[in-house]
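Colleague: Same order as they appear, the protein sequences are chains H, Z, F and R.
The numbers in the UniProt record's numbering rise by one with no breaks, and the one at position 24 of the first sequence is 24.
The numbers in the UniProt record's numbering rise by one with no breaks, and the one at position 159 of the second sequence is 159.
The numbers in the UniProt record's numbering rise by one with no breaks, and the one at position 126 of the third sequence is 126.
The numbers in the UniProt record's numbering rise by one with no breaks, and the one at position 111 of the fourth sequence is 111.
If you are wondering where the hints come from, they were derived from the structure by calculation, not from laboratory data.
Nothing here was measured: the structure is a model prediction, and the numbers come from that model.
One or more hints might be untrue.
A pair counts as met if it fits within one copy or between any two copies, since identical chains are not told apart.
As the list claims (entries may be wrong) - Within a straight-line C-alpha distance of at most 20 Å, the following computed SDA-like cross-link-like pairs (lysine to any residue) qualify: (1) Lys209 <-> Gln294; (2) Lys62 <-> Gln294; (3) Lys34 <-> Pro282; (4) Lys46 <-> Arg297.
Protein chains: 4
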Amino acid sequence: MINMRRNLKAAILGSTGLVGIEYVRMLVNHPYIKVSYLAGKGSVGKPYGEVVRWQTIGQVPKEIADMEVKPTDPKLMDDVDIVFSPLPQGAAGPVEEEFAKQGFPVISNSPDHRFDPDVPLLIPEINPHTISLIDEQRKRRDWKGFIVTTPLCTAQGAAIPLAPIYANFRLDSVFITTIQSLSGAGYPGIPSLDVVDNVLPLGDAYDNKTIKEITRLLKETNRNIPESYPEDLSLAATTHRVATIHGHYEVIYATFKEDVNVEKVRESLDTFAGEPQRLKLPTAPDRPIIVTNQDARPQVYFDRWAGNPPGMSVVVGRLAQVSRRAIRFVSVIHNTVRGAAGGGILAAELLVEKGYIDKR
Amino acid sequence: MINMRRNLKAAILGSTGLVGIEYVRMLVNHPYIKVSYLAGKGSVGKPYGEVVRWQTIGQVPKEIADMEVKPTDPKLMDDVDIVFSPLPQGAAGPVEEEFAKQGFPVISNSPDHRFDPDVPLLIPEINPHTISLIDEQRKRRDWKGFIVTTPLCTAQGAAIPLAPIYANFRLDSVFITTIQSLSGAGYPGIPSLDVVDNVLPLGDAYDNKTIKEITRLLKETNRNIPESYPEDLSLAATTHRVATIHGHYEVIYATFKEDVNVEKVRESLDTFAGEPQRLKLPTAPDRPIIVTNQDARPQVYFDRWAGNPPGMSVVVGRLAQVSRRAIRFVSVIHNTVRGAAGGGILAAELLVEKGYIDKR
Amino acid sequence: MINMRRNLKAAILGSTGLVGIEYVRMLVNHPYIKVSYLAGKGSVGKPYGEVVRWQTIGQVPKEIADMEVKPTDPKLMDDVDIVFSPLPQGAAGPVEEEFAKQGFPVISNSPDHRFDPDVPLLIPEINPHTISLIDEQRKRRDWKGFIVTTPLCTAQGAAIPLAPIYANFRLDSVFITTIQSLSGAGYPGIPSLDVVDNVLPLGDAYDNKTIKEITRLLKETNRNIPESYPEDLSLAATTHRVATIHGHYEVIYATFKEDVNVEKVRESLDTFAGEPQRLKLPTAPDRPIIVTNQDARPQVYFDRWAGNPPGMSVVVGRLAQVSRRAIRFVSVIHNTVRGAAGGGILAAELLVEKGYIDKR
Amino acid sequence: MINMRRNLKAAILGSTGLVGIEYVRMLVNHPYIKVSYLAGKGSVGKPYGEVVRWQTIGQVPKEIADMEVKPTDPKLMDDVDIVFSPLPQGAAGPVEEEFAKQGFPVISNSPDHRFDPDVPLLIPEINPHTISLIDEQRKRRDWKGFIVTTPLCTAQGAAIPLAPIYANFRLDSVFITTIQSLSGAGYPGIPSLDVVDNVLPLGDAYDNKTIKEITRLLKETNRNIPESYPEDLSLAATTHRVATIHGHYEVIYATFKEDVNVEKVRESLDTFAGEPQRLKLPTAPDRPIIVTNQDARPQVYFDRWAGNPPGMSVVVGRLAQVSRRAIRFVSVIHNTVRGAAGGGILAAELLVEKGYIDKR
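Build the full structure now, drawing on both the sequences and the hints.
Modeller: Structure below.
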């Protein structure tokens, strides 16, 4: 089985985009998933290395630089076993359906199918059991392939640290303020005049989708406390972008239905691990959450690449007791790694392990 | 009396600093306070226009550009009637005491005396009655002059909109996240490498002083509801700087002890006015708080100069009901104008009106 | 005649854009040109103050804020006497022709007609005599109206200080390096990810159009030295953008065919004045070029608003003798004021004075 | 001999600074130079990983993170074989002398000894023969150790591409404009308010030292053309910083005493190699200069880490014929790698190969 895995071939849709390049970077040294098809749009027919805007660490890997960018067409992907789809909203929906129909497992970072009732919205450490929705999806849609989505990067930055808290404490309200990076909006994305000497609020629509995704993720978190889902859990988010390139910074105030001890919260964050850690998946960080006690940390520049693989751990800091029933913490997540490409690869690894992805 | 006022002469300590220049800019057209003495440190003996770093709108006023920068020495200020002191922490304390001892009214933007029990921490719209502390101060210290302080810019950005809310509703908790500008830290202030492609947390000390000042300001706010100060009001702040030049942006979540109607909160903000408005003080904005309903506003770049005089109004937006007992809003305050120099001039005008400042 | 002028009514095309707002700001206090028609595209029918992105100093003028944005249609502009057109490349060309055909004087900041042989490319201080091309233009095209263009902001930043040098010295080569601001590219314009932690080269096309325009402007400069135009004058430009909002910074090395004395160059810059100064046009700065001797000036932030009206003077500094036949200097120009709207208004004033614009 | 080399132990002075961290990062995988002593100032006694501000790629290497920061004292460095000194100007001078006196080979990135007549100012590809100055230095000063310096990062960004041009063509004048990054000034270095929405000129002193160093480096370049050093070679530099973190961008115009063919210049740049390449030194990039033909490259963000090891190649682009006797090109150099730590390590490798550094 190990040997088989070594041969899994991946297509990356939108491969020259800001998430596409992280897929390329992370898969180049992957033990059993290999980049075999680079799909693009404007640059079809040209060498990847010439057309890509490599806005990440390092340089375009040599073995990838000369690969030709090809059309986004399932018929040309006979030998592809997995499709990673970081396509933009709107464009992604029908393309992903077509691929799933044609028999491909599609790991999507796009919002278009996130709230289809038979599509998992997967953070492998939080709701791995939701991959069983795939069975229902295939049956209902009569597909050989399937779609699995990963959540909005912003939602992940809050949901990952909130998951162990929600699992272990009687959470009442969550008040989130985000200070997000530019790469989350893609390229060209945010106009420069919106963020030089400015703080850009993203407005109600962005706030609301963030809340909606976190709500679903928490609902799907297994609780260790004897209580059904509190329908009155109140979540609010106020979202912004500033002139940072990568890394979402989020300030989270949480209130509880009973007194809470911040040291116990710290312990739940510190010891948090999930299925990927137990299965020792290749892209699983030892610790999904790294808690820092330094006063002026985390910082976006210094902490976004935390963990191993770099960028796969969420860094939590500024953890403090605000009142008997309220705490405060801050998180930094690498939005295009853990929040997109890295989360997608981790999802694929879980699906391989669980038998949902294999040589086609 | 009007005539007398027209002759009030002001000294500005630290006049070449980031708050000093706003004092100069705002006083140049003041109806009765005139800049007569520009005190500085490194640049004594040189023309103001040559040495000042004019990091604000417009150019150095012609009538000021040729004035010589002079030493910070009360003995040289015989004809000065008011002293504005935006000196940095530590340096300010003893200097301000000396001036007060020598008979000068000192309006300080510095933290050194903010928590002396006999020194007002004044926002003229919020706690004008606290100027009576001056009588006690003079008696206790045997001074002819006195010291009045204005609060930290960051505290003002939250306290001004919280004041009408606190006055009219049974506030329970306040959770603040700030995204502050660089000018609040003076020059040279924040190293560039701390804020390019980064979000800089200011840490516990800054968080705590923000809370401490807001707490005092709310305690001194007259309430319209039949309730004594709730000792269990819980305040928390998480403070940051990003690469904006002027203007502090603050996200504020407030919870209440009973159900609250966000429209009534809006009304209390919209109609907020205080002593400066009733007295029509020259530097009083018509509306201390301007509420915007635009989805992606306020923004630092576009709203920091709001009001008339520009920069004297706090802009509040993103006002929303989070749950039955919680609301959210955002504020933008011009930190060196309303939050420092403009607040200082407004304080001086109130003190003139109340008879505490006159020709010496 | 003065009285008539007081009634000139102006339409501003693209009035909500980055140059459009400077037209509005500058015309609000103009002695005889009044804003009477605000044309826009996406925002027709809405109040100007609600839809404009006011990325300049001050606030939207009260008398303008409630004006409705209207279609770009000459038929609706019966009472308009002048049309200012800061429309983008491509869109501008046919629209401007239509307006000229319908009898309107069109002052264009767009590139589309800059190299029509019968269209002036006007900097009023440099080549005022070229307005006589209008006569030829009207005759050839059988238009009652006409088009006058202003040069690319980047070209103006170099051409204005080069004009007196070219007029008085035997210039041989000019080597320009620009560090331009974002507003020159309009909104949305430059993607933020291109300029955060980056220097963005604009490439050959932008370099070349800069050179082409400067070349024409110098050719049209009257020389005080007994020499015909040197066909072998060599110009080169290397153009960039960085994350500044307004203000183009240009480093210029100039070599000469004979020994040159930098102090004489300084004098020619210092004393430079043209037709607008002699005619005392309302928008003419006293000095089109302000020479600073401070070592670390000009700086974009501190010098872009130089002059009176603010932003109408080019600041030159770092003037130095490099070798017997070479000098170096630096210029800062406010690209949307002197380099666009202000230059357009100054052109209009010259045309009024010369009888080309009057009540229609 | 190989075996001996494997044991060379290095001390890094100023190890927590911006150049210090690049030494640590680059030496961690070095084949024969090992980090054995981390000297610091404010943080003595603490673990390196806790106090360092790791403003570069990756994370603090695990094997280094727990090492204790120690005093800058030669007496404590018994087993150290090489000392790398990126100490700041002024502080470096006497310390480096003391180390050399105590028998240590000192590789300095500091300016203090750069113009001592018996101290090499070394770029290993350009003037490797100057290491023979060490013999004279030791004799004159009666030292067992010695000092070798590397040039200012800004000078290297121009001198490296100018060296093959100077070697092969009859260069007449060079006109440089730099757009430098913040890390070149260290931490805290440049105040944020100097570079947000601004371009900061560095002034005459910085311009002049840049020219002085390039002049010496070119003088020490072996020429392939039959001509002695032209005393009238004219160099000029205009230097600036903008808000980039790493990477100096330089625009260079060069004129020649005779007609020049830009394609031949390109060839001389493309094929440039030196002693480090011939000796296959571990830190030598295959190509010290990488020439790009892309129109809008090099860019600071995308090209500063060029080469292998990353950051050791200078990227040259925008190469163009300006006139028969003038060309233009642009360079990007990683200022703290090739321009400092990497250049220092390469110098050390050359000195090891030439027998100047060995086990002590």
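Colleague: Hint by hint, say whether it matches the structure.
Modeller: For each hint, the structure was consulted:
1. Lys209 <-> Gln294: Intra 32 Å, inter 19 Å, cutoff 20 Å: inter-copy only.
2. Lys62 <-> Gln294: Cα proximity of Lys62 and Gln294: across copies only (18 Å, versus 39 Å in one copy).
3. Lys34 <-> Pro282: within (13 Å within a copy, 31 Å between copies)
4. Lys46 <-> Arg297: This pair counts as between: shortest inter-copy Cα distance 18 Å, intra-copy 43 Å.
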